[in-house]
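Take these sequences, add in the hints, and give me the full structure.
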Amino acid sequence: MGAAPADTLYLPVGSPVHRLPPQCKIAAVCCFVVLVVATPREAFPAFAAYALLLACVAAAGRVRPGHVLKRMLIEVPFVAFAVLLPFVAEGPRTDMLGLSVEGLWGAWNILAKGTLGVAASVLLASTTQLRSLLRGLERLRLPPLLVQIASFMLRYADVLAGELHRMRLARLSRGFDARGPRHWGVLAKTAGALFIRCYERGERVHLAMLSRGWTGTMPRSEEEAATRAEWATAACLPLLALLVCLGGWTL
Amino acid sequence: MTDPPPDREISLEVSGLAYAYPDGHQALFGVDLTVERGSRVALLGPNGAGKTTLVHHLNGLLAPGAGTVSVAGLPVTGEHLKEVRRRVGLVFQDPDDQLFMPTVREDVAFGPSCAGLRGEELASRVAKALRQVGMEAHADRAPHHLSFGQRRRVAVATVLASHPEILVLDEPSSNLDPAARSELAAILRTLRVPDADGRARRPTVLMVTHDLPYALELCPRSVVLSGGVIVADGGTQDLLGDAELMRAHRLELPFGFDPRSVTAPAG
Amino acid sequence: MTDPPPDREISLEVSGLAYAYPDGHQALFGVDLTVERGSRVALLGPNGAGKTTLVHHLNGLLAPGAGTVSVAGLPVTGEHLKEVRRRVGLVFQDPDDQLFMPTVREDVAFGPSCAGLRGEELASRVAKALRQVGMEAHADRAPHHLSFGQRRRVAVATVLASHPEILVLDEPSSNLDPAARSELAAILRTLRVPDADGRARRPTVLMVTHDLPYALELCPRSVVLSGGVIVADGGTQDLLGDAELMRAHRLELPFGFDPRSVTAPAG
Amino acid sequence: MHVPDGFIDAPVSLAAGAVAAAAVAVSLRGARRELGHGRQQAPGADRTAPLAGLVAAFLFAVQMLNFPVAAGTSGHLLGGALAAVLVGPYTGVLCVTVVLLLQAFLFADGGLTALGVNILTMAVVTVVVAYAVFHLLQRVLPRGRASVTGGAFAAALVSVPAAAVAFTGIYALGGTADVPLGRVFAAMTGVHVLIGLGEAAITAATVGAVLAVRPDLVHAAQRLDSPLELRTSPAPDEAAAPRKPVRRLWAAGLLLALVLGGGVSFYASAEPDGLEKVAADNGIDAQEKAHATEGSPLADYAVTGIAGARLSGGLAGVVGVGATLAVGTGAFLAVRRSRAAGRAADERS
Ligand SMILES: Nc1ncnc2c1ncn2[C@@H]1O[C@H](COP(=O)(O)OP(=O)(O)OP(=O)(O)O)[C@@H](O)[C@H]1O
Ligand SMILES: Nc1ncnc2c1ncn2[C@@H]1O[C@H](COP(=O)(O)OP(=O)(O)OP(=O)(O)O)[C@@H](O)[C@H]1O
Ligand SMILES: [Mg+2]
Ligand SMILES: [Mg+2]
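Residue numbers (my numbering), protein chains in the order written: chain A, 1 to 251; chain B, 1 to 267; chain C, 1 to 267; chain D, 1 to 349.
Certain hints may be false.
What the hints assert, rightly or not - FRET-style restraints, in silico, Cβ to Cβ:
{"no.": "1", "chain 1": "B", "residue 1": "Leu74", "chain 2": "D", "residue 2": "Glu229", "range": "26 to 32 Å"}
{"no.": "2", "chain 1": "D", "residue 1": "Arg183", "chain 2": "A", "residue 2": "Ala55", "range": "35 to 41 Å"}
{"no.": "3", "chain 1": "B", "residue 1": "Gly16", "chain 2": "C", "residue 2": "Ala20", "range": "50 to 56 Å"}
{"no.": "4", "chain 1": "D", "residue 1": "Glu229", "chain 2": "C", "residue 2": "Arg201", "range": "44 to 50 Å"}
If you're looking for bench data, these hints aren't it; they were derived computationally from the structure. Just so it is clear, the structure is predicted and the values come from calculations on it, not from any experiment. Glycine is no exception: its CB is placed at the ideal position from the N, C-alpha and C atoms.
Here is the structure:
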């Protein structure tokens with residue numbers, strides 16, 4: 001539990017980026033993305049500069065390019081959407097292929113900004129452990145109730161996975177294998193039962209926590225606030241991005 | 001039962017307890033039970049009798065549908081819940097319900113650290129509890145990667161580490177290997193917990209079990225719960241010797257065992 | 001072990017089996033085991049010995065890291081898996097692992113209906129299995145709303161309903177009340193399953209247990225697994241009588257029980 | 001429907017963020033009240049966070065049942081209606097919000113700047129609309145389980161297009177690509193009515209299943225309470241007459257089967273031979289399959305949830321980057337050309 005989900009997202013290599021306090025990283029990434037979104041779409045060099053900035057962060061965080069690319073799968077539905085844009089948008093058309101100029105711009109805008117945003121988030125998730133991410137959000141004044149719901153959600157994600165796994169083994173051991181539509185009924189029923197099962201398992205786990213004196217807040221080791229130096233280090237990214245953004249507007 | 005003499009402290013007091021689960025199935029139909037401080041009592045009964053349901057009330061995990069429960073003189077309701085749970089340590093029947101932290105060590109540390117323990121003291125408490133159940137070697141593994149019996153042992157350790165004044169165990173010996181079973185018996189017999197004044201005292205133990213020889217070995221007194229009501233209460237040896245009672249409540253003695261031939265070890 | 005005489009059919013054959021869990025923890029270090037058709041064998045061993053791990057291999061739920069497993073002459077791999085699972089009925093150590101359908105009845109019907117049974121025949125098969133474990137009254141309840149021991153019984157029923165030629169039970173008696181325990185023993189002793197030619201035959205039974213008297217009562221032969229290897233294999237009475245062996249593998253005999261004083265019932 | 005960065009311009013994104021934050025703040029106040037009762041509950045215990053977390057985890061899992069609906073758009077359960085019916089509107093908003101938050105931060109699903117837009121459309125609008133519809137129906141329909149299930153169906157059906165409409169509104173204010181609004185509207189609502197059907201069926205099936213076994217868990221349903229019986233000796237025959245939730249569950253299961261079947265066959269139609277594979281990959285087995293012995297839905301998120309088994313590894317990422325560059329080059333060329341044209345026009349005049 002807890003540790004398992006981090007396995008594929010988080011890259012456990014120690015690097016200066018990994019060691020930065022999570023709240024600094026989250027703030028830096030958020031500012032960076034806002035700046036990217038605020039950049040005019042015509043400023044091509046600015047986007048190249050942003051990409052370069054992220055590449056530097058990745059290098060500093062010892063995150064392999066392959067890892068980032070793999071995580072960027074998430075973008076696929078929107079790539080498809082963007083590719084459609086030049087065909088459906090209005091306005092003047094290009095000579096080649098009769099694409100909409102405005103559509104091309106729109107597609108470029110979405111893809112460039114979306115890609116940079118995804119890459120930035122992926123870098124954040126690759127260099128920050130799940131639990132410390134939540135702690136960072138908490139430090140950034142996300143309401144504690146939300147943080148608690150989130151941490152329980154992560155815990156119960158394991159309960160859920162556990163229940164699914166158990167149900168699957170149980171089916172297998174009694175000679176079931178999912179082959180074709182005939183068996184969707186069984187699978188569907190499993191889904192219906194899943195909620196109750198998980199809910200009740202979760203309830204029991206919650207009871208167990210209560211019975212050991214849990215009162216609503218997880219016991220956690222105290223840790224210090226981020227130092228000025230750490231904030232300054234993290235601020236490099238958004239500051240440089242600010243320069244780029246301003247450059248983009250003045251070009 | 002007659003009233004206990006006034007100088008005897010009462011650890012657990014249940015009266016007229018009835019409970020129905022949310023799906024409408026009623027499990028308890030009016031249970032009365034009094035357990036004195038420092039005594040060890042076995043709770044016997046067939047499957048589905050309501051033992052687990054009763055036990056969950058002792059810790060305020062379920063709220064009575066009717067009747068009252070009090071622990072060490074405190075009614076198990078609202079404002080006292082925190083104190084009640086500090087005093088009562090509950091080992092669940094299913095260890096998977098009990099273990100939820102990412103590592104065994106953190107899980108065992110959960111109770112004491114909720115009670116405010118920190119640092120060195122916490123670490124030694126955890127280490128001791130894990131040593132008692134023979135699981136030190138697995139302290140940094142994930143609980144759900146252990147064998148069933150190992151999980152059961154960790155579940156027991158989580159409760160031992162909290163030093164509860166009242167121990168409630170729901171089939172603690174099931175799935176334990178025979179040696180672990182008798183080690184647990186030894187632990188329960190020799191355990192001492194500091195009370196409010198710092199004196200080491202024997203904890204109150206209420207143990208649900210289907211293992212009748214084990215009940216005889218550990219608990220001088222037994223209570224039989226069947227069909228949601230208490231049907232017998234008395235000395236374990238007497239109850240086990242009453243063949244008719246036993247048979248009526250699905251408590252046959254196991255193959256090759258005669259309760260009259262043995263005497264329970266002292267302690 | 002010497003080779004069995006050629007006229008004896010072999011139900012389970014495990015050779016050189018080693019397995020490590022994905023987290024790197026090795027549980028089996030080369031296990032050899034042969035079980036003849038129609039025999040009842042107890043698998044004993046301390047907690048964490050690897051019993052559950054071994055048992056999961058017999059049904060193809062885990063794939064061997066090294067070595068081979070074969071069931072009724074079929075290697076437990078890819079194409080034979082379906083057939084193997086039809087022949088081997090596995091009762092999991094944790095009933096929650098076994099039960100997953102919305103009602104008890106559907107759960108018990110799952111195995112036979114996967115094997116193609118329908119209608120009247122299916123219904124009577126299910127009813128019979130539920131009657132055997134005394135759970136007819138609960139057929140329409142949700143399995144996860146039962147008590148632990150009731151869930152265990154349903155888990156046994158799910159397997160009985162499938163008429164497997166080989167029964168593998170992982171601590172079937174834990175959390176059962178004493179009467180249910182001896183009823184289960186009676187079921188296992190008297191169970192007959194039709195073979196390919198329609199003749200009623202005694203199923204092969206491999207039972208993991210920590211309850212040594214129960215093993216003696218049911219299984220003429222026992223195998224001790226400890227630390228991921230087989231350390232002893234022989235007559236149950238002989239093994240239980242070997243105090244040193246027992247002690248070395250955490251298998252102390254329970255309080256008040258002497259294996260030499262009893263003889264196992266025939267059957 | 002997770003909106004990425006760059007889809008909506010910065011000012012509107014920020015404004016949406018502010019509105020979403022306000023809505024979440026209101027929900028935070030309401031949620032404490034909402035989850036504070038129930039019979040199963042331990043007296044006085046604070047179960048808000050754990051139970052909301054559980055619902056969130058479940059939503060997270062079902063959101064991974066992704067099925068493409070039309071070119072480039074994939075539908076998945078939004079879960080707003082389910083949350084609203086099961087845990088009530090306030091907690092519902094929180095649950096969906098948390099799911100979106102974690103998806104954005106942990107999986108880069110949905111842009112960070114678009115978080116406000118996403119929360120507004122997928123958490124606030126769906127939950128509020130669903131709850132309103134549900135509540136209204138409960139007023140007019142006769143009391144009973146069927147009404148609750150039916151109400152849940154209708155609520156879910158309406159909530160999804162409502163989210164699409166809300167999104168179109170936001171897009172009208174701050175969309176970055178100049179697509180005709182009418183078309184966006186038509187496409188969005190059209191597609192989302194389809195998705196809404198799926199959502200409605202799954203929601204109704206789940207609510208029906210929960211109602212049958214644990215009616216107390218359905219926030220919106222009244223409980224059928226029978227008085228406790230008291231006695232002093234065991235009942236003569238322990239077998240109380242069992243109720244029969246079988247038929248309802250069966251119906252619920254069938255419904256769910258139809259929907260999943262429908263959704264999945266959409267997928268499969270592109271790849272008829274892959275039927276079995278798809279059933280296994282995208283059916284309920286989705287998350288369990290990859291990690292036979294260990295794992296979590298989170299771990300498999302990108303792989304099974306988003307791209308299925310067909311796109312593997314870095315390939316898709318490369319495609320994404322490649323497409324970005326290609327379109328960018330196209331835009332760049334277009335600009336150069338139009339500038340050149342402009343200059344030529346200037347020179348001529
Ligand atoms: N969550 C639940 N919902 C509905 N009914 C339940 C639930 N848990 C238990 N029951 C029912 O309540 C009765 C008492 O159950 P309980 O778990 O207390 O039995 P038990 O004495 O602990 O049995 P066992 O020895 O099998 O553990 C049983 O009939 C059972 O079916
Ligand atoms: N899922 C898992 N991942 C990693 N290690 C495991 C897992 N399950 C079991 N183990 C380890 O493998 C070893 C054998 O476990 P197994 O469950 O086979 O023991 P067992 O003999 O069944 O014990 P018990 O009597 O307690 O049930 C143990 O040391 C256990 O910690
Ligand atoms: Mg119980
Ligand atoms: Mg085991």
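Hints versus structure:
1. B/Leu74 to D/Glu229: 26 to 32 Å: The hinted range 26 to 32 Å holds for B/Leu74 and D/Glu229, with Cβ atoms some 28 Å apart.
2. D/Arg183 to A/Ala55: 35 to 41 Å: holds (37 Å)
3. B/Gly16 to C/Ala20: 50 to 56 Å: holds (55 Å)
4. D/Glu229 to C/Arg201: 44 to 50 Å: holds (48 Å)
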